[in-house]
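Based on these hints, arrange chain C on the given structure of chain Z.
Residue-level listing of the chains:
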Amino acid sequence: SQQGEEDPQALSIQEGENATMNCSYKTSINNLQWYRQNSGRGLVHLILIRSNEREKHSGRLRVTLDTSKKSSSLLITASRAADTASYFCATEGGAYSGAGSYQLTFGKGTKLSVIP
Amino acid sequence: ETGVTQSPTHLIKTRGQQVTLRCSSQSGHNTVSWYQQALGQGPQFIFQYYREEENGRGNFPPRFSGLQFPNYSSELNVNALELDDSALYLCASSFSGSGELFFGEGSRLTVL
Numbered sequence: 014s015q016q017g018e019e020d021p022q023a024l025s026i027q028e029g030e031n032a033t034m035n036c037s038y039k040t041s042i043n044n045l046q047w048y049r050q051n052s053g054r055g056l057v058h059l060i061l062i063r064s065n066e067r068e069k070h071s072g073r074l075r076v077t078l079d080t081s082k083k084s085s086s087l088l089i090t091a092s093r094a095a096d097t098a099s100y101f102c103a104t105e106g107g108a109y110s111g112a113g114s115y116q117l118t119f120g121k122g123t124k125l126s127v128i129p
Numbered sequence: 201e202t203g204v205t206q207s208p209t210h211l212i213k214t215r216g217q218q219v220t221l222r223c224s225s226q227s228g229h230n231t232v233s234w235y236q237q238a239l240g241q242g243p244q245f246i247f248q249y250y251r252e253e254e255n256g257r258g259n260f261p262p263r264f265s266g267l268q269f270p271n272y273s274s275e276l277n278v279n280a281l282e283l284d285d286s287a288l289y290l291c292a293s294s295f296s297g298s299g300e301l302f303f304g305e306g307s308r309l310t311v312l
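Going line by line, the protein sequences match chains Z and C. Adding 13 to a residue's 1-based position in the first sequence gives its number in this note's numbering. Adding 200 to a residue's 1-based position in the second sequence gives its number in this note's numbering.
FYI, nobody ran anything at the bench for these hints, they're computed from the structure. None of the hints are false.
Cβ pair distances, simulated, as ranges: (1) C:253 to Z:30: 45 to 55 Å; (2) Z:81 to C:211: 41 to 51 Å; (3) Z:57 to C:267: 25 to 35 Å; (4) C:262 to Z:91: 48 to 58 Å; (5) C:253 to Z:79: 29 to 39 Å; (6) Z:90 to C:270: 43 to 53 Å; (7) C:295 to Z:51: 16 to 26 Å; (8) C:261 to Z:91: 39 to 49 Å; (9) Z:51 to C:227: 17 to 27 Å.
Since this is a predicted model, take the numbers as computed values, not measurements. We put the beta carbon where it would ideally sit given N, CA and C, even for glycine.
Extracted from the complex, chain C is given alone in its bound form:
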């Protein structure tokens, strides 16, 4: 158990809808990163938040957005869902200067 919790664990949406995924980071961690993992692939970096500010972004369109709250929990929002957005979305927390990431169990999104 890493202490990182994500919700919901599974959800099904249709094309064009919007989704919000939530993450509570491990106690004492001030940085949250989000990754997308398509079936059979490795995780791909979406973005990272440090002290409530976006602090690095991967090759994802602007319809992927996020927030980090004062308690360091975080949300990932995806607008105008596409079929290719179907994936496991992983949240990971860490503390400044630490290389190790602590992952949650993920939210599996299916877009029909």
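Here chain Z stands alone, though its shape is the one from the complex:
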């Protein structure tokens, strides 16, 4: 089953505009991560925000987390054609083993198209 749900499912913007994607989840989490995927290839990690953090920045990316609403948003500023991809939020929580890594639960993703 999928924990997170991204919104919108698809987003089309002009180059230079900002893109905002939202993610909602259902259970408590240790952290929330955003990944990017180009055309059915491997996922690339973008940013991780811990449950005790509210906002985080990385280059043109800004992520917010509201644990009371169980939601997160990813903002990409000044978008480029190369940002065209699917973006997934993934939550970690519940199945933490304590022995190394842990299980991530992904949403279905937002497909972003940036038009040159």
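Chain C alone, transformed into the frame defined by chain Z:
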């Protein structure tokens, strides 16, 4: 490039056959996770291996099995293939305590 390599990149099997997918983790990583991604869906956790032992499993039947080797590379085996097993299989490596996963490019399996 994440340093995680998977093979083969594409393969076609028929129902009932068996398949083995391979993954070499990034240098220094001791944990490997496998995910299944059906078309148009997000990845779903299959299982994770830490220091050669299964260390967590998602909602997948026992015909999905795996191995991790002393060099931390890994295999995913699927027996008695079904049509619904058609998907992109992603391997991800990480180091103990790190939240970020490093994914390979995936193995696309088609079951006819």
